[in-house]
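Undergrad: All chains should be modelled from the sequences, with the hints used to inform the complete structure.
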Amino acid sequence: MHAPSDMWNLLSHAFVQRAWLGGLAIGAACGVLGMLLYLRRSVLVGEGLGHFSFGSVGLALLLGWPPLAVALPLSVLASLLVLKLARATHGAGDAAVGMVATVGLALGVLLASIGGGYRIDIFAYLFGDILAIQTGEVWAAWAVAALVTVMVFRQPMDWLAWAFDPGHAQATGRPIERLDKLLAVLTAVTVVLGLRLVGSLLVASLLVFPPATALWITTAFRRAIVTSAVVAMAAVTLGLGVSLWTDVPTSAAIVLAQAALHVGTWFVRRMR
Amino acid sequence: MNSDVPIIRAVDLTVELDGTLALDSVTLAVPRGDYVALVGPNGSGKTTLLRAILGLVRPTAGHVEVGGVPAERTAPVVRIGYVPQADRLPMPRFPATVEEIVATGLPRFLRASDTRDSVRSALDQVGLAGLAQTPIGSLSGGQRQRVMLARALVGTPELLLLDEPATALDPAFRQRFYDLLAELHRTQATTILLVSHDLGSVGQYARRLVYLEQRVRFDGTFEEFCRSPEMTALFGEFQQHLICHQHDARPV
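Residue numbers (this note's numbering), protein chains in the order written: chain A, 1 to 272; chain B, 273 to 524.
Just so you know, the hints here were simulated from the structure itself, not pulled from any lab data.
For glycine and all other residues, C-beta sits at the position ideal for the given N, C-alpha and C.
Errors might be hidden in some of the hints.
[Claimed, not checked] List time: in silico SDA-like cross-link candidates among lysine to any residue, alpha-carbon distance up to 25 Å:
#  : chain 1 : residue 1 : chain 2 : residue 2
1  : A       : K181      : A       : V150
2  : A       : K181      : A       : P166
3  : A       : K181      : A       : L72
4  : A       : K181      : A       : T237
5  : A       : K181      : B       : A333
6  : A       : K181      : A       : A69
7  : A       : K181      : A       : M99
8  : A       : K84       : B       : E288
9  : A       : K84       : A       : D94
10 : A       : K181      : B       : M363
11 : A       : K84       : B       : F381
12 : A       : K84       : B       : G327
13 : A       : K181      : B       : R345
14 : A       : K84       : B       : A333
15 : A       : K181      : B       : G508
[Claimed, not checked] Covered stretches of chain B (in silico footprint by chain A; criterion: 3 or more residues with CB under 8 Å from a CB of chain A, positions within the stretch not fixed):
#  : segment
16 : 325-339
17 : 493-503
[Said to hold, decoys possible] With the Cβ distance kept under 8 Å, some of the chain B side facing chain A (calculated, not the full set):
#  : residue
18 : I352
19 : Y354
20 : P356
21 : R365
22 : F366
23 : P367
24 : A368
25 : T369
26 : A404
TA: Below you can see the structure in the form of structure tokens.
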């Protein structure tokens with residue numbers, strides 16, 4: 001465990017600042033997207049895409065290509081495939097997610113066993129390595145966070161109608177298919193960027209905990225989305241801080257920080 | 273838009289869902305300003321027909337037009353109000369107020385002040401003005417159904433499609449609801465297509481009755497229904513009498 005004065009020294013390092021700024025951006029994007037997925041009972045999509053991304057990272061490492069450059073387009077395609085499968089199976093989205101996720105994970109394991117020499121790299125994508133995040137990735141994360149925020153708050157009523165009653169929304173002229181695709185693509189991009197933060201096994205936590213916590217706090221639509229993003233950013237800050245202070249793995253600290261915030265919020269609500 | 277063109281026109285509409293024939297060559301025309309009750313037993317294809325009219329179900333054969341355009345492209349052409357079956361509950365902590373949910377029935381890109389006024393007026397119509405800021409998840413089933421009605425009414429629809437709208441309503445509001453539909457039909461010439469399995473109840477309100485059992489088995493007024501030998505053959509004399517007798521005993 002570091003002394004408080006060491007913490008200030010750590011915060012002055014560029015890699016820590018990059019980790020924090022990148023984490024805030026991914027947290028904000030996950031908070032917003034997570035709320036939308038949560039309301040449509042589709043949070044498993046994040047889990048599935050995380051597993052699938054792991055497979056595509058395995059492929060990239062085997063080929064010697066940049067992992068994110070391979071994982072990004074493949075995960076976007078997988079996300080659109082999940083959407084298509086869910087429609088074809090009349091809304092059995094969880095089955096579609098399960099299929100795509102397990103195939104992705106199996107692919108990753110298979111490629112890892114063929115390659116052999118890159119297990120340490122793959123480990124970083126399984127459990128995240130936020131302190132290794134690069135400046136370009138920080139910018140990309142903020143660009144995605146900005147895009148997600150603009151996308152939702154430009155037409156919040158479309159998203160509310162989409163989340164509450166998609167059949168009614170489509171019948172009354174809201175662009176439901178476009179919203180579905182937009183959400184699928186942005187979720188895939190955010191999940192892939194989130195691999196660096198918490199890894200493919202834990203990335204879904206950023207899509208699940210913040211909305212669930214936000215729903216303990218507020219009951220109005222726009223406020224719930226903002227609260228979800230704020231909760232995610234707070235958990236990233238808390239987790240990163242605890243990780244730096246106590247030298248525990250950052251991804252685990254972020255997930256546990258989210259769990260602590262969730263339980264804490266539930267407890268405060270219950271005490272009132 | 274040409275008012276001679278039926279607002280709903282289905283021609284030889286056939287829909288198969290997962291290999292089951294839900295609609296079989298249904299041909300139906302609903303002129304503007306008509307008030308039609310679509311009745312039939314459970315599983316007779318009523319909801320499927322409504323969903324095909326809304327463009328939510330793709331025909332296997334035939335076609336359906338609303339306002340003269342294919343159903344899936346209707347939304348910008350005809351203002352539609354729609355109340356789906358009350359079989360899906362929102363999640364208990366769904367983060368939206370009654371006011372927000374009703375506002376989703378309005379056309380897109382409306383000014384905030386117009387939205388507020390319209391929502392207030394629609395909530396007034398269904399007697400829920402005092403619950404505007406209440407979370408939707410905390411309402412009872414009947415109150416939620418009234419919110420769905422307000423959402424359907426808020427955009428001053430030309431065409432109202434109602435799928436078993438009175439199921440969760442208490443008897444007092446049910447009467448008020450049917451009166452409201454009659455008033456909309458009379459004063460604003462709103463076209464109404466009301467789905468119900470309760471033939472006797474809706475027969476007293478609608479101008480026209482369509483009996484569906486995968487195909488259109490009857491299309492006429494309630495009085496014609498009561499005199500129809502085909503319907504006597506279908507229901508049996510006693511059952512038909514009960515339905516028509518209920519009609520005679522309608523509330524004043």
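Undergrad: Evaluate each hint against the coordinates.
TA: Going down the list of hints, with the structure as the test:
For the given pair, K181/A sits about 16 Å from V150/A by alpha-carbon distance, which is consistent with the 25 Å threshold. Note on K181/A and P166/A: the hinted pairing holds, with a Cα-Cα distance of about 14 Å set against a maximum of 25 Å. A distance of roughly 15 Å separates the Cα atoms of K181/A and L72/A; the hinted pair therefore holds under the 25 Å criterion. At most 25 Å may separate the alpha-carbon atoms for a hinted pair to count; K181/A and T237/A exceed this at roughly 31 Å.
With a C-alpha separation of about 28 Å, the suggested pairing of K181/A with A333/B is violated against the 25 Å cut-off. A threshold of 25 Å between alpha carbons decides the hint, and for K181/A with A69/A the separation of about 21 Å falls inside it, so the pair holds. Of the pairs offered as hints, the one joining K181/A and M99/A holds, with about 19 Å between alpha carbons and a cut-off of 25 Å not exceeded. Restraint check for K84/A and E288/B: the C-alpha separation of about 20 Å stays at or below 25 Å, so the hint holds.
A C-alpha spacing of about 12 Å is found between K84/A and D94/A, which places the hinted pair at or below 25 Å, so the restraint holds. In summary, the hint linking K181/A to M363/B is supported, as the alpha carbons are separated by about 23 Å, within the 25 Å threshold. With a C-alpha separation of about 29 Å, the suggested pair K84/A and F381/B falls outside the 25 Å cut-off, and the hint is violated. Of the pairs offered as hints, the one joining K84/A and G327/B holds, with about 18 Å between alpha carbons and a cut-off of 25 Å not exceeded.
Proximity of K181/A to R345/B is assessed by CA-CA distance (about 19 Å); at most 25 Å being required, the pair is judged to hold. For the hint linking K84/A to A333/B, the alpha-carbon distance of about 23 Å falls within 25 Å, and the restraint holds. Restraint check: the Cα-Cα separation between K181/A and G508/B comes to about 52 Å, which exceeds 25 Å; the hinted pair is violated. Coverage of the segment 325-339 of chain B by chain A holds [criterion: at least 3 residues with CB-CB distance below 8 Å; count 3].
Counting residues of the segment 493-503 of chain B whose CB falls under 8 Å from any CB of chain A gives 0; the rule of at least 3 is not met. Nearest Cβ of chain A to the Cβ of I352/B: about 6 Å, under the 8 Å cut. The hint holds. Taking 8 Å as the C-beta cut-off, the interface hint given for Y354/B holds, the closest approach to chain A being about 5 Å. Taking 8 Å as the C-beta cut-off, the interface hint given for P356/B holds, the closest approach to chain A being about 6 Å.
The criterion of a C-beta within 8 Å of any C-beta in chain A is met by R365/B, whose closest approach is roughly 5 Å, and the hint holds. A cut of 8 Å between beta carbons decides the hint on F366/B: the least distance to chain A is about 7 Å, and the hint holds. Checking P367/B against chain A: minimum C-beta separation of about 4 Å stays under 8 Å; hint holds. For A368/B, the suggested interface contact is upheld, since its CB lies about 5 Å from the closest CB of chain A, less than 8 Å.
A least Cβ separation of about 6 Å between T369/B and chain A falls short of the 8 Å threshold, and the interface hint therefore holds. Violation of the interface hint for A404/B is found here, the shortest Cβ-Cβ separation to chain A being roughly 12 Å, above the 8 Å cut-off.
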